[in-house]
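Colleague: The chain contents come next:
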Amino acid sequence: MTTPPILDELTSKADLPKILMLGWEFPPVINGGLGVACHDLCIALSKYANVTMIIPKSNPDFVVKNLNLIGLNTIDAKTLRNIGHTDTYKKVKQVHFIDTHLNPYYNGNASPHHDLQNLTSQYLKTVKVGDETAEIFQIDDLYGGDIIKKVTIFGKLAAKLALSLDFDVIHAHDWMTMIAGMEIKAKTGKPLVVHVHSLEVDRGGPQSKGWVYQVEKKGMEYADILMPVSNFTGHIIHDYYQIPWSKIRPVHNGIRPVEPFKSAPMFKENMVLFVDRLTRQKGPEYFVDIAERVLQKDQNVRFVMAGTGEYFNPLLERAAQRGIAHRFHLTGFLNLDKVRKLLSIADVYIMPSVSEPFGLSAVEAVQFGIPAVISKQSGVAEVLNGALKFDYWDINLAASYILNLLHDPVLVENVTQDAYKDLENISWDHAAKKVIEGYNAFHLLPEMV
Amino acid sequence: MSFIYSKNEFRRQVEMHKAKIKQHFNQVPKVFRNTELIYNNEIASVVEKMGYKAILCEGVDRYLGERTPNFLYQPAGTLKIKSFLKNYRLSDDIAFRFSDRNWAEWPLQADTFASWVHKVAGNGEVVNLFMDYETFGEHQWEETGIFEFLDHLPTEIMKHKDFDFKTLSEAADMYKVRDIYDVPDYSSWADAERDLSAWLSNAMEKEAAGRIYKLEEKVISTMNPDLIEFWGKLQTSDHFYYMCTKFWSDGDVHKYFSPYDSPYDAYIYYMNVLADFETTVEEALQDVKPVKKATRKKESTTES
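Protein sequence lines correspond, in order, to chains V and F.
Heads up: take any position in the first sequence, counting from 1, add 119, and you land on this note's numbering.
Heads up: take any position in the second sequence, counting from 1, add 2, and you land on this note's numbering.
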């Protein structure tokens, strides 16, 4: 696909398309890959567009160059109420902090972000929007049934705010911002693009039909274009949400470059690494099964799982039942530095995801020169040629891949070299160009003179 | 591919093939064509010494320069063997582009193609169209009209009085060489590079090929025809073709023909088979060598 001339010809920032982004997580407040992906995509897009991003909660100290970042927590409810149904721009004042923080992915009993609660509790504020009262913003209620209300309120606030902003396209990310996207489209008539990073069908399985699924389905039906992060997710959108392919345009994620390093090994045995949330979608129990198969052939291997989630305890038990607990380590939640430390000593990376829209963690492993064994049920399998791929249920094949990698340096060399070449094509700049191409292909932008 | 690793094995295989042709067709071949058109000066020279009067090769631009492939050439460093150079433009029109709907010449008719061939008149003596048998019915499926094209092609070619068809031996006897064709490095007809990179460019291919050829002495000394046959089959160039990791250029072509999910699978399966074969060969050698030992054992059992 060729880059449309608009990208090269436009030099003046004023001529660039104006994008109104709707995000949920955003650095420094992040829980998973979504926040990082939104941030990096925005930065890359700011080269080709004027981007305004509305998020529930921003940190006033966190300023992003070339990005107009608006946290709803920084806007006075009164100001919002006073925004009329006109296009006149009104100065947005930073007065109150409204916290709509929730964690859409994490279902466990313990939060990996205890400190976050303490950090933000002082900003709690009750607001009134129309008839709605805002007890729903209680921070103690992170994972309660109020998620629906939080998302709805975010939609109303964002839609109000949007009336004071100038933009060509609405670009929403995942279900948390879809209601906001729909409201804004309904009020302004501007085209709606929905970027799909993760779906309820990925998280909850194919039988998902709950409220989140319904929001996703409605939002995607109402959108003008869908940009899933992979063809794999595009297929899910088509197969499980009955959305026609004609409005699905996959945009693969990019990756932030890192300086990889190697560290001295922690164990005398080889190490196979898993880094992800311990939840159904990531297939952690397959990792235990695979480990068992590997250990039947080679005792000289340790298996490390970094991450936490509701499968933590069941995984411990499963490993113990199989009699491999002495070779199996669950680290719990690790910060980025510690994950990188593990990457610097791992021999093989494994991602047995059951349904993985993209899978940035596999790309991070590749950046560290680790051969990756990844499930075919992932978006990253589409962009990583240099990886060994298996169907997530095929534990025998995965085990044989691991064994071959542990015993054949030639295979390791070949896989990692190929993967390095793949990295050249995995960038946020590519992704940003694809996004703009998508807008153009669907004529979402006003005609440029 | 054997020539690259072992000239003895190369000769053994060529002799086998010669015997097969004699057996089935009662003919003794006079012209040599190597696997995948793999070629260089040295192959031409060895083949000449084996008694062949001509050899087929790719007409590679980087070696031909401004010259046309439509004459016979003398391979550098040989005495009288002649080389037939593939006219890759005309060959690929049939082999690759025939069914390409984005090609300006699609759909290609026999008379059009014949008119291109006829343009050689006055500046050439042979037009060498070399392609796989797979071209007809596999690369180009029946629905593309490839067989109708073939039906009409001879008549269309013969419409020009200067053109007819000859066997390679007839052509080699009839025409003189016009120049030296100097190919110091290996050429072939595969991939965009037309070199050995379709089979021997990455670490896996080199490792696998290196290991199989390293077994030569041991396999031959087993004197076991089954093992030697098996060893020969493991040398088939396709095994290495499937391991090719040119994902970014000719990868789709390799993938189309590969029975494996990925080049890594091709390598892993091959190496498993090879490891097993190495064990079998070792065991066979133990059985072969100490013939006396075995007899002695027998004697000792009888004694006790």
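Source of the hints: derived by calculation from the structure; they are not laboratory data.
For glycine and all other residues, C-beta sits at the position ideal for the given N, C-alpha and C.
Some clues are possibly wrong.
[As the list claims (entries may be wrong)] So the derived list for chain F, only partly shown, Cβ under 7 angstroms to chain V, looks like this:
id, residue
1, Ala21
2, Ile23
3, Gln76
[Unchecked claim] In silico lysine-lysine, DSBU-like type, Cα no more than 30 angstroms apart, as pairs:
id, chain 1, residue 1, chain 2, residue 2
4, V, Lys553, F, Lys82
5, V, Lys416, V, Lys306
6, V, Lys540, V, Lys166
7, F, Lys220, F, Lys257
8, V, Lys381, V, Lys137
9, V, Lys381, F, Lys82
10, F, Lys208, F, Lys121
11, F, Lys22, F, Lys220
12, V, Lys552, F, Lys55
13, V, Lys328, V, Lys381
14, F, Lys220, F, Lys163
15, V, Lys166, V, Lys495
16, V, Lys416, V, Lys328
17, F, Lys220, F, Lys55
18, V, Lys416, V, Lys137
19, V, Lys328, V, Lys137
20, V, Lys495, F, Lys208
21, F, Lys220, V, Lys495
22, F, Lys163, V, Lys540
23, F, Lys168, F, Lys32
24, V, Lys306, V, Lys328
25, F, Lys220, F, Lys178
26, F, Lys22, V, Lys416
27, V, Lys540, F, Lys220
28, F, Lys51, F, Lys32
29, F, Lys24, V, Lys416
30, V, Lys540, V, Lys381
Colleague: Are the Cα positions of Lys553 of chain V and Lys82 of chain F separated by 30 angstroms at most?
Modeller: Measuring from Cα to Cα gives roughly 60 angstroms; hence the hint is violated.
Colleague: Please verify whether Lys220 of chain F and Lys55 of chain F have alpha carbons no more than 30 angstroms apart.
Modeller: violated (34 angstroms)
Colleague: What's the verdict on Lys220 of chain F and Lys178 of chain F, does the C-alpha distance respect the 30 angstroms limit or exceed it?
Modeller: Violated, at roughly 45 angstroms.
Colleague: Close enough to count: is the Cβ of Gln76 of chain F nearer than 7 angstroms to one in chain V?
Modeller: violated (40 angstroms)
Colleague: For a C-alpha distance cap of 30 angstroms, please report whether Lys540 of chain V and Lys166 of chain V respect it.
Modeller: This hinted pair holds, its Cα atoms lying about 25 angstroms apart.
Colleague: Within a Cα-Cα threshold of 30 angstroms, do Lys51 of chain F and Lys32 of chain F meet the stated pairing?
Modeller: Cα-Cα ~12 angstroms, so holds.
Colleague: Below or equal to 30 angstroms on CA atoms is what counts here, so check Lys552 of chain V against Lys55 of chain F.
Modeller: Status violated; Cα separation ~59 angstroms.
Colleague: Are Lys381 of chain V and Lys137 of chain V close enough, with their CA atoms no more than 30 angstroms apart?
Modeller: violated (43 angstroms)
Colleague: Going straight from one Cα to the other, do Lys540 of chain V and Lys381 of chain V come out at no more than 30 angstroms?
Modeller: holds (20 angstroms)
Colleague: For the pair supplied as a hint, Lys416 of chain V and Lys328 of chain V, is the alpha-carbon distance within the 30 angstroms limit?
Modeller: violated (42 angstroms)
Colleague: Check whether the Cα positions of Lys220 of chain F and Lys495 of chain V lie no farther apart than 30 angstroms.
Modeller: Given pair Lys220 of chain F, Lys495 of chain V is violated - Cα atoms ~41 angstroms apart, limit 30 angstroms.
Colleague: Given a cut of 7 angstroms on the nearest C-beta pair, is the interface hint for Ala21 of chain F held or broken against chain V?
Modeller: violated (36 angstroms)
This entry does not satisfy hints 1, 2, 3, 4, 5, 7, 8, 9, 10, 12, 13, 14, 15, 16, 17, 18, 19, 21, 22, 25, 26, 27 and 29, going by the numbered hints stated previously.
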